[in-house]
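**Q** Protein chains in written order, with the working numbering: chain A, 1 to 442; chain B, 1 to 178.
I should point out that these hints are in silico values taken from the structure, not numbers from a laboratory.
Please read these numbers as outputs of a predicted model, since none were measured by experiment.
Be aware that a few hints might be false.
Unchecked claim - 27 Å max Cα-Cα, derived DSS-like pairs, lysine-lysine: (1) A/403 - A/362; (2) A/377 - B/159; (3) A/6 - B/159; (4) A/184 - A/362.
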Amino acid sequence: MTTRAKHEHLLMRYLDGRLTEAETRELSAWLRGDAVARAWLRDVAGQVVALGDLAREQRWQSPKPEVAGVELISARFSRTAWLALAASVVVLGCAVAFWFDGRHGTSSVVVEIEDVTGALNWTGPTGELRTGLTRGQQLSAGMFETASEGAMAQLRFTDGTRVTLGNRTEVALAEDRQKQLRLKAGLLAFEVLPQPPGRPLLVRTPTAMLEVLGTVFTVTAGADQTTLNVEEGRVRLERLTDGEVLDVTSQQTAVATLGQTERFQASTGSAPPVRWWRTFTQPPEASWKGDWQPASGAEPAFVRAVPCVAGQREDGMPVYQLGITARGNGAHLVTLGPDSVLRLRWRTAQPASLRVMLGVQKADGRFGGNFEVRIPKETTQPGKDGWRTAVISLGEFRPLIQKHPAPPERGQVSLIFITSSTDDTELQVAELAIEPSGSTKN
Amino acid sequence: MALSQEIIVRVLFAARSRLSAAAWLVVRDAQAAEDIFQNVSVKALTKGVPFEQEAQLLSWAHVTVRHEAIDWLRRQRTGLVPLEVDVLELLEAEWAAEPTSGPRVDALRECLELAPAEGRRLLELRYFEGRQCEEVARATGLGLEAVYQRLSRLHRALKTCIERRLTTDEATFSSAPP
Chain A
1 MTTRAKHEHL
11 LMRYLDGRLT
21 EAETRELSAW
31 LRGDAVARAW
41 LRDVAGQVVA
51 LGDLAREQRW
61 QSPKPEVAGV
71 ELISARFSRT
81 AWLALAASVV
91 VLGCAVAFWF
101 DGRHGTSSVV
111 VEIEDVTGAL
121 NWTGPTGELR
131 TGLTRGQQLS
141 AGMFETASEG
151 AMAQLRFTDG
161 TRVTLGNRTE
171 VALAEDRQKQ
181 LRLKAGLLAF
191 EVLPQPPGRP
201 LLVRTPTAML
211 EVLGTVFTVT
221 AGADQTTLNV
231 EEGRVRLERL
241 TDGEVLDVTS
251 QQTAVATLGQ
261 TERFQASTGS
271 APPVRWWRTF
281 TQPPEASWKG
291 DWQPASGAEP
301 AFVRAVPCVA
311 GQREDGMPVY
321 QLGITARGNG
331 AHLVTLGPDS
341 VLRLRWRTAQ
351 PASLRVMLGV
361 QKADGRFGGN
371 FEVRIPKETT
381 QPGKDGWRTA
391 VISLGEFRPL
401 IQKHPAPPER
411 GQVSLIFITS
421 STDDTELQVA
431 ELAIEPSGST
441 KN
Chain B
1 MALSQEIIVR
11 VLFAARSRLS
21 AAAWLVVRDA
31 QAAEDIFQNV
41 SVKALTKGVP
51 FEQEAQLLSW
61 AHVTVRHEAI
71 DWLRRQRTGL
81 VPLEVDVLEL
91 LEAEWAAEPT
101 SGPRVDALRE
111 CLELAPAEGR
121 RLLELRYFEG
131 RQCEEVARAT
141 GLGLEAVYQR
151 LSRLHRALKT
161 CIERRLTTDE
171 ATFSSAPP
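Pulled out of the complex, with its shape left as it was, chain B reads as follows (with noise of 0.2 Å):
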């Protein structure tokens, strides 16, 4: 029996932390990434053929996701180039098999306060405002190669912060370097 209307939404709902960053991983946009979720979402239930398994509408909506973000940087004609195929379907196949579909905006939130005031602003300039890391270097002071690193550790210190939160109750936040 094909699915419910009911259950496409509910389905691509569960899912969409992990469709959306997968269009993002191509886009590098947050708000065009967004946008394809959502334009994938109207397609799955205005597309004409009819899904039998919720297995079958999230590899659909993988392969749509990804195709529609390389369509969008093609359109945008930015010049960015998305990695190349296979390795999207590999991380894509990835998501698929885990159980959860990435960080809980609640356990975000607390880890995000416990972050050091440096580290939110740089997070808050680049995520928030969409700014390139350029100009975050700009408005930091900092330079463009520190700017990766800090941004790299403060994913790190965010990963090991949501998991810690999300298993044991208990957020802290060390984004020192190792």
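Chain A extracted, bound-state conformation (with noise of 0.2 Å):
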């Protein structure tokens, strides 16, 4: 054996973690004096790193049929976390402690988890904190917080209503002699079925509250705004401000917002459109996940990829991934059809496979599925300035919850999420669109 044969035996049997001290001392000695074999080191060690991403790629791509949601977020979505998880158990602590504050029963089970994709918690009145909780599992009173993108979770109460919560929603909930709910953010969609007489189901917002004695509807809310939609039913709407109180029906919609001077009542609803089209001559909503840039000579706008949380290690610790994230202001996005497509104009730094992920709801707001489509840097050629287009249809979306294996009839599309497979491709959307096929940009 020669020299470098014998040194480059030694390097597989250190990464094999076989060297006795005394070798890796030798084989430390050689590495000194070799810059060769030390780039060779190194690019094994990148290699490495790189199978595993792929690895875990390849896991997330095949889900276990029962805990796809969880191998979203164990598997594909180990990337960067940056942010101490203490600060936010601290701060959900507090809102759960200034919630159930004695009146709610809190230790029996109040709610079981039917269905979840991506990051749940649920933090206790005592300040427990449960991380990626995972379907089937039984919760009593609690602060639930779905906490990444294109999160969603829909929750059973014992009696057989149904509660799904939006991406990145925060709600108290409990259930003593009757069901209520405090929603700090989000959005709730319901599915009631009829409460005892002089309890109903509450619900209270930062501006509104709600009374519901057995319907089905959506209720948005955000710091200074409310916004509900009655699928079936009567929803009895109170505005906090003033205390006006609103009876909203079935397919009807109200708003309440921390303002009296705007009109404070109940529009026919109506479905989002079938064709939805953004470019950004103007900032996105505030909703929005992306560094947004504005025109400059021939540069047209564009957002940019900005750290967003995209799932949740076992260990609760929230992993952060470069993405976009498109949302309705209050309401979805777009209706989809069964010609839709999607189209997106985007650039990267380097080629780099992109993947779009759709959060869609039926049309009386339950949770429809979480949806998936990889595009591959192969299938577009920029432009000379760099942008490329791809149109995808609808069928090329693959399921990320079995439950959930198509788009339902007529689902609204409340969020779209898109990453790129690499961390350091400076991912930038100048146009987004869901449209039928055959659409033309206006």
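Since each chain comes alone in its own frame, lean on the hints to assemble the complex.
**A** Below, the structure is given as structure tokens:
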């Protein structure tokens, strides 16, 4: 065996964890004086990291049937974590303590998780935190949070009433004599079975109180506005700033804001349009994730990928990925049809594949599944300015949860999450659309 | 002016491959290397001292990754001995001087598709399933030395293929011994 062959053999045994201390010293001495060997070692280490990424990606693309959402969290999105979880625990703990002040029973099971994708956390009244919740788990009163881009969860109360938590939703939930929820922010879609007389289901938001006896509806809340869409039945909506009350019935929509100058009335709701198209001559809504860059010379305006919470490790640590998230502002973006296509114009610093995820809800607001497509970089050619365009039919998206194998009829897109296959590609998006096949840009 | 949290995350993302690789060279456990990188990322954001420059952040990250990796080895009591510190420092300095941070996943995927089935199987057992070479030898019916030799050749072939893919957009794969 030549000296080089002997040293390469030592290297392979080092990587396999089989060298003695003396052999490691010998290997160190050789590496100290051999730049070629060091370059080879660096390359092997880089290959191993990339192979690990690929392994996680493949596990993610073949999720276990019963825990698809969990695989999404723990396997694929093992990326950069950058925020101390402790901070969110403290914040959530305070919020829960505020809400559960002893009036509510807190130890018995209140809900069961029927469906979940992405990161779902629960914080109990004493600050106990559970992360990475999965289907079938039963939980008592507490604060629930969908903590990653595209995360959704469907909870079922013991009487069969269902509530779906949309992406990035925080809600405290309890049931003593009646069901009570406090929606801090986000979206809730309800399917409420008839409640006992005198004990309606109550939903409190920063700007409104909703009283429900039995109905199907969706409520979206932020700090200064609550939007209610009633699919079936009747919901009593109280605007908190002045106590004015409104009955909102089937197929109606109403908005309660902090101000009293806006008209407080129910109007006939309508599904979002079948065509949605967005360029960035104006910055995107605050609910989006992306760094807006205005047009400059021949350069179009675009949004650049920013760190987004993409999932959660098994130990509860949030994991981040650079991406862009589009959301409707108090409403869904678009209604899907059988011939819907996604059109995307994007650019990256280096050629890279993209992933696009759609969060979809049914027409009545219930969770309709998450769907994803990969756009290999070979399928598109960049123009001279580096921008690429892809048009992808709905049929090319694959389900991330087997329970929802295909987008529902008249499904409504609540979220679009776009990310590149590698971390440092400087993803930029200049145009984004979901529209019937054959539509053209305005 | 101190780097913002977003810039810190961007810089660490861009250097993730080399930082994780540096951790792996010490711990030789892919999952542990990933965890170490994530822990260092969290430390970078919660550390009280602001980073003024990207180079300062990266230098700090490399040193912290090395310390965390060596601590991990001690805690695990695996008996694994890392390379001597000055060699690790040399490797870190060379990594920092490289324009790119290692093979891209897309190029690697394409090169793996070109690899012979037996080679792919070896790489899967060793790195996807995280098996020691002795277990790989048992699973494949090869001797341990043969596994070392073939893995070594596969790494060289992957390196060549990835470089060709990244520079010419064409990939070829040859793991035949020179």
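**Q** Evaluate each hint against the coordinates.
**A** Hint-by-hint comparison with the structure:
no., hint, verdict
1, A/403 - A/362, "14 Å, holds"
2, A/377 - B/159, "21 Å, holds"
3, A/6 - B/159, "21 Å, holds"
4, A/184 - A/362, "23 Å, holds"
In summary, the structure agrees with every hint in the numbered list given earlier.
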